[in-house]
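All chains should be built: construct the whole structure from the sequences, respecting the hints.
Chains as they are written, first to last, in this note's numbering: chain A, 1 to 162; chain B, 1 to 561.
Do not rely on the hints blindly, as some may be mistaken.
What follows is a list of derived Cβ distance ranges for each label pair [stated by the list, open to error]:
1. B/Asp170 to A/Thr146: 23 to 33 Å
2. A/Asp118 to B/Asp15: 54 to 64 Å
3. A/Leu130 to B/Leu50: 42 to 52 Å
4. A/Pro138 to B/Glu262: 35 to 45 Å
5. B/Ser234 to A/Ala104: 25 to 35 Å
Simulated from the structure, these hints should not be mistaken for laboratory data. None of the values given here were measured: they were computed from a predicted structure. Heads up, the beta-carbon is just placed ideally off N, CA and C, and yes, glycines get one too.
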Amino acid sequence: MLQKKICLLGAFSVGKTSLIQRFVSSLFDDKYLTTVGVKIDKKIVTVDQQEIMLMIWDLAGEDDYNTLNKNHLRGAAGYILVIDGTRPKSLDVGLAVHDKVKEALGDVPVVVALNKADLIDEWILDADQLAKLEEKLPVLRTSAKTGDNVELLFSELAARLQ
Amino acid sequence: MDTDLSRIKQIILGDEYDELLKLRDEINDDGQFSKIVSNIITEALKERSLKDDSIAEVLAPTIDQAISSSINQDPKKLAESLYPIMGPAIRKSISETMQQMLENLNQLLEESLSPKSLRWRFDAWRTGKSYSELVLLNTLEFSVEQVFLIHRESSLLIHHQYSELADTRDPDMVSGMFSAIQDFIEDSFSTKEGDELDTLRLGDLSVVLQRGPNAVLAAVVRGRIPENLRNELSRTLESLHRMKKAELADYGGNPEVFADVEDDLRKILLSERKEPEEKTIPWLAVVSILIILAGTGYWNYLSYQESLERTALLSTLKQEPGLVLLDSEYSDKVLHISLLVDPNARSPEEVISTNQENFSIEFTEHSHLSVIDELVAKRAMNLLQPTGETQLEVRNSVLVLSGRADGDWMRDYASRWPAVTGLTAIDTGALELVYPRREAMVEAVQVIEATELNFENGETETEVSSQFITALSEQITELNALSMEEYGRPVRIEVVGYTDDSGSPSFNQQVGFERALRFEQVLVDAGVDESLLESFSAFDHSSNEGIARRITRLIVAPLTQ
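The following block contains the structure:
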């Protein structure tokens, strides 16, 4: 079975961990994420009738105190950028992260998860900004709470992986 | 103004105003407020501690300070308070330590008495290592339970091999964490550029990591890390990089490309288990040992045989009556034996009549008298010289005589037997004594007394052949000699002359007497000692056993003492 390493990136507290928690097989406790800075999960998805094993590296969220550990990005075949629709700052951080990753990994597939879709009423993202983002990158509106589009999110990325 | 305002407040609030004032005074007065707080402080603390740990946090520094200050002032006080809990805690700790020590000691004793430990001691002596080091090497089992081949850049698991005993959790995720952990350490502590995590260890479990340019091998080891594991990992990695250079450099996540590395990884699992000792047989050593064993065995057999021979020989000497073995020593093929020898015993040389081929014997003899019955009998035989008809035997130091013995010998013997060493008594109950001289005398008496000389009527002379007289006189002389010898005194022979009934008694008496004298004279003439003979006339027929014949006869007086 083909294996691919992907990363889950985004600002602090955008729901990256929640997003994958529900349907991946988890060996490690969440505390790894806070102590070691990374938590690794596994998810098998099927693309074009071919199974791909995704090794999902859930990296600690970036904020003013934590910066992205580029070592963790090494060898990633693609990544998911998570943005919290209720926090405009997470879009800025996400975009900055995106630039950093491009610098480190080159042009690898990416899918953006606009998370907390269940709270869409509370979204305060600028429509312009969103449009620009959607122009640049594939975007899916997801909800870790309801599970909406989560499966699709990983399949989308898997489909784009070499 | 103030009073007015107070009155207005009084009018509006009524009695409550007074109570408010009172309450304010109570709060403002430290003494009163303390009293109020003291009433509820315990309940308040209890209530708050149910909510959170803030009380403990707030009080901790104060308590720390209080304890320090108490120790500074008087350490004894605190020590006494802690005593009831410190005592049992220390005892428990000591008892656990002792228990552990005993268990270790037990194990050590068991180990040190087993053949295995003897071998280890030998190995320690041979290799110059310390015994404890060898025990450690030999007793600590190890096994390489799992091997991960990980793509270095992506941390994806390329291949995973594990032994049946290994507890494997999702190896894909674990392999990712290996590199994540290295990153974590690099981030957390200042490390030098190029430093790499090479061992993770928890208790007796270790993860040995070996890195190549494109791949990492991680071996999970339980127990001691084998010395050559790292070399083995390096070799495998190098060969992988050689064989699969392109695949590794450009790994796209398809582990099937590496399916053929299974054997290489499996080898690490297998080769690093406790290697069984090689079972090849060192023939040269075996043959040499066999030859040495056979030689030693034969030599031992010979010396065993020889020692058996010596033992048998000494035992023969010991059993021989009259020989007492004092000491024996074997050196330089000579057996030195010192012993006590009874003069009547067989000599030691005679006892061990067989020829000794393997060694010579030297005797040192000391004479002694044995009181063993057999030897005492021999001694008695030599001293007493009994005749052939006498049987001599010694039973429990008592001389038992049987058969027939000469009376002379017996008389003589009575005074001599105490001179025989080892005799305490004699038993002659079964011994028949014989007196040959007396028998000869009885025979002689019979012959002499059977002699009769016949006379014609009234005659005192008769014809007697000189041959007969000579024989008779010799008989008498011999009888006398026997009597002298036997009884120490001469024999007395009465020459008695008889007559028939005719004639007067006085005449007859005269004639009888004449006839006796005549015979006496003939005997004396023939050489018989005159003093032995006495002539009588047996005229009274009634008193002369009714013999009324014209004869002269000889009667020998009773031959008793």
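Going through the hints against the structure:
no.	hint	in the structure
1	B/Asp170 to A/Thr146: 23 to 33 Å	holds (27 Å)
2	A/Asp118 to B/Asp15: 54 to 64 Å	holds (59 Å)
3	A/Leu130 to B/Leu50: 42 to 52 Å	holds (49 Å)
4	A/Pro138 to B/Glu262: 35 to 45 Å	holds (39 Å)
5	B/Ser234 to A/Ala104: 25 to 35 Å	holds (30 Å)
This entry satisfies every hint, going by the numbered hints stated previously.
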